[in-house]
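Q: For the protein sequence lines, the chains are A and B, in the order given. For the first sequence, my numbering assigns the number 129 to the initial residue and increments by one for each residue that follows. For the second sequence, my numbering assigns the number 73 to the initial residue and increments by one for each residue that follows.
It should be emphasised that the hints constitute simulated quantities derived from the structure, not laboratory data. Any given hint might turn out to be false.
What the hints assert, rightly or not - Below, simulated BS3-like cross-link-like pairs (lysine-lysine); rule was C-alpha separation at most 27 angstroms, straight line:
no. : chain 1 : residue 1 : chain 2 : residue 2
1   : B       : K140      : B       : K181
2   : B       : K174      : A       : K185
3   : B       : K181      : B       : K127
4   : A       : K198      : A       : K139
5   : B       : K126      : B       : K174
6   : A       : K139      : B       : K174
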Amino acid sequence: DAGITQSPRHKVTETGTPVTLRCHQTENHRYMYWYRQDPGHGLRLIHYSYGVKDTDKGEVSDGYSVSRSKTEDFLLTLESATSSQTSVYFCAIRRQIEETQYFGPGTRLLVL
Amino acid sequence: KNEVEQSPQNLTAQEGEFITINCSYSVGISALHWLQQHPGGGIVSLFMLSSGKKKHGRLIATINIQEKHSSLHITASHPRDSAVYICAVDYGGSQGNLIFGKGTKLSVKP
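Isolated chain A, as found in the complex (with noise of 0.2 angstroms):
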């Protein structure tokens, strides 16, 4: 357990309105990832953090934003959602010494 939690776990929205996904982590790690899964396809980088207000696109980036104020939160924006991210969407840290990533619950969206 690295002390990872995600907030909401579920939530269920329309299209067109904003959501912010919440990653907390308690052990001050540099290192923070948001991750989307979809069937079909494997983990997949939406953005990452090396620390606070550093950040950078990951390989689906395009509809997401993110911010990094605190070296503890890292937070995941849809600015206005979409069907196509309907997913689960997975926070990750990386403990420096072991260059391991360990990974929150998940947050399942659901966008309609």
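Based on these hints, arrange chain B on the given structure of chain A.
A: Leaving out everything else, chain B in the frame of chain A:
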């Protein structure tokens, strides 16, 4: 494009069988990870390998750097091993970004 291929996609076994899941990748890597995802979604890291072999309980992971191939073995399989097993590779960037395979769904019947 850097790709990670897993085989088989689906695997059904009888309790007690020896199981092998394979992972191949296209270019040189700094490390390879095996992860497990149980129904209900939680993802757990099992191993990180950069060479050789690692063992934890009934799980054994091997990697052949020259052949760009890794295997995950489960000895004396049990229904509680039923899960999706995911291979992921780190191509060596400082950010630690991983490329994931699509997973192998294992079902172990009693």
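Q: CA of K126(B) to CA of K174(B), is that 27 angstroms or under?
A: Since the Cα atoms of K126(B) and K174(B) sit roughly 22 angstroms apart, the hinted pair holds (cutoff 27 angstroms).
Q: Would you mind confirming whether the straight-line C-alpha gap from K140(B) to K181(B) stays at or under 27 angstroms?
A: violated (31 angstroms)
Q: K139(A) and K174(B) were given as a pair; does the straight-line alpha-carbon distance stay at or below 27 angstroms?
A: holds (25 angstroms)
Q: Would you mind confirming whether the straight-line C-alpha gap from K174(B) to K185(A) stays at or under 27 angstroms?
A: Given pair K174(B), K185(A) holds - Cα atoms ~21 angstroms apart, limit 27 angstroms.
Q: Going straight from one Cα to the other, do K181(B) and K127(B) come out at no more than 27 angstroms?
A: Cα-Cα ~24 angstroms, so holds.
Q: Take the C-alpha atoms of K198(A) and K139(A), compute the straight-line distance between them, and say whether it is at most 27 angstroms.
A: Holds - the C-alpha atoms of K139(A) and K198(A) are around 24 angstroms apart, at most 27 angstroms.
Hint compliance for this structure: hint 1 alone is broken.
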